[in-house]
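Asks: Sequence:
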Amino acid sequence: MSNGDSDDSDNGEIDPADPEPFESRLDEATQAVEAAETEADLDEAEGLLDDIESDLDDVTFAVEIEDETDDEDDEDDEEENPRDEFEDRLSSLGDDIEDQRGPYVEEVTDAVESAESTITSSQWADEGVPEVIEAVESYVDTATVVLSGSYGETGETSEAAAETLSAVRVEITDSGFHPDTDESEIRELLESAEDLESELEDATLFGDLEIREQLRREGFYDVLESENRKDFPPEWTAVKLYEKRGEVEPILSAFDKLDSDFMQENILDALEHIAPEEAYEEVQGLAQRRNIQAVRILGRIGDERACSTLHNFLGGGDVKLEKTTLRALGMIGNEDSAEEVVGRLGADNPEVRSAAARSLGLIGDTRAIDPLSDVLSADSEDEVRASAAWALNQIGTERALDAAAAYTDDRSYIVQTEAEKAASGRVRRAFGAVVPCTPRRPVLL
1 MSNGDSDDSD NGEIDPADPE PFESRLDEAT QAVEAAETEA DLDEAEGLLD
51 DIESDLDDVT FAVEIEDETD DEDDEDDEEE NPRDEFEDRL SSLGDDIEDQ
101 RGPYVEEVTD AVESAESTIT SSQWADEGVP EVIEAVESYV DTATVVLSGS
151 YGETGETSEA AAETLSAVRV EITDSGFHPD TDESEIRELL ESAEDLESEL
201 EDATLFGDLE IREQLRREGF YDVLESENRK DFPPEWTAVK LYEKRGEVEP
251 ILSAFDKLDS DFMQENILDA LEHIAPEEAY EEVQGLAQRR NIQAVRILGR
301 IGDERACSTL HNFLGGGDVK LEKTTLRALG MIGNEDSAEE VVGRLGADNP
351 EVRSAAARSL GLIGDTRAID PLSDVLSADS EDEVRASAAW ALNQIGTERA
401 LDAAAAYTDD RSYIVQTEAE KAASGRVRRA FGAVVPCTPR RPVLL
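Those letters in the sequence shown? Residues 1 to 445, per our numbering, in order.
These aren't lab readings, by the way, just hints derived from the structure by calculation.
Just so we're clear, the structure is a prediction, and the values are computed from it rather than from any experiment.
Some hints here could point you the wrong way.
As the list claims (entries may be wrong) - Listed below are the simulated DSS-like cross-link pairs for lysine-lysine, each with C-alpha atoms no more than 30 Å apart in a straight line:
id: 1; residue 1: LYS257; residue 2: LYS320
id: 2; residue 1: LYS240; residue 2: LYS323
id: 3; residue 1: LYS320; residue 2: LYS240
id: 4; residue 1: LYS257; residue 2: LYS244
id: 5; residue 1: LYS323; residue 2: LYS421
id: 6; residue 1: LYS240; residue 2: LYS257
Let's have the full structure, built from the sequences with the hints guiding it.
Replies: Take a look at the structure:
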């Protein structure tokens, strides 16, 4: 046995390890850590600890062998395991080594880069910008002394301040400072960088302002006149006025900041009325949470990017959501949605089947003619059949009109009505009248 290691005896039993060699080696490692003056010394001391830890994993002490055979009743009389003490000493010495290391240039540049990111990614209030500039100037003053450099004026904007910091960071990276020989310089730069980060945390962000103060600074309330400024809440009045003007940005700003149910509902009403393309991202996020009004608005906006999200709402069991989704897909009119919608012609709920048929009419894809003809022929609900006939009329091709016109003598009046429209369409087509083919976004009946 060497270095405290234990060997297996000839009869297969484990020979217990002697703890004294480990105690001696740990004492030597302690002395090495205490005497270390350079990074190389610390590396050597850390190597000693690694060797001790590796050897410790390979041995078994006598108390551990006894623990395997002792009864549970003897737990109070258990002998202390030397492994516990050795592992504690190893951990403590490892912490001592880490405490003695550095500081490193990389720590400084990481802190400065973090400060740059904070400056460029944050929305600062008007009073926050000079606070940012002052904090950066303080750091630049420190760097100028330590690096014997010159970085010019910090500038009057947060962006200019970030650019100055970037230039300083490059100089620090290229400084060649080493923790063994330049500890005081690195530490001064690091402490100053930490102060910079702290000062940036205290600088005034736009988000730190009260919501109404944010809106006031954006000019949100400027639309209000003296006679309506007293209306409560003034935000609701402002949104209605912006809706009349068709100004979207103030409405979206209010939507982002005002989270009361009352304001959210009224802002969505305004967005539904004007259906601006600029509102797509905000409404899309709300629609993903299965908000039915947001789904309706997506249909009115008509952005085809919404289709993949809307497809996820088909077949989920929520009839109201699915009907709204089918109508929205129809209003968007993307033929890539036709296959998804055709699949809902076989839904259990007749309201869903009817909505799917009308959606296909709005989409206008001629590939839907045969599935719609099948519904018109075989569905058990007259309302669904009438919707299929209506959809065929909307598609408006000769084949679609022929399929619907075949039911002018149908037992159901509502089916008959749609069939007669198709028959009239065929007559007009036969006499050369202009019949619109695949009308986009007709009004749903």
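Asks: Is it true that the CA of LYS240 sits at most 30 Å from the CA of LYS323?
Replies: Status holds; Cα separation ~29 Å.
Asks: Given the hinted pair LYS323 and LYS421, is their alpha-carbon gap at most 30 Å?
Replies: With a Cα-Cα distance of about 25 Å, the restraint between LYS323 and LYS421 holds, given a limit of 30 Å.
Asks: Within a Cα-Cα threshold of 30 Å, do LYS240 and LYS257 meet the stated pairing?
Replies: Roughly 16 Å separates the two Cα atoms, so the pair holds.
Asks: Taken at face value, is the distance from the CA of LYS244 to the CA of LYS257 at most 30 Å?
Replies: holds, 21 Å
Asks: Given the hint that LYS320 pairs with LYS240, test it: the Cα-Cα distance must not exceed 30 Å.
Replies: holds, 28 Å
Asks: Need the status of pair LYS257, LYS320: alpha-carbon distance at most 30 Å?
Replies: Measuring from Cα to Cα gives roughly 29 Å; hence the hint holds.
Going down the numbered hints, you'll see the structure goes against none, and every one checks out.
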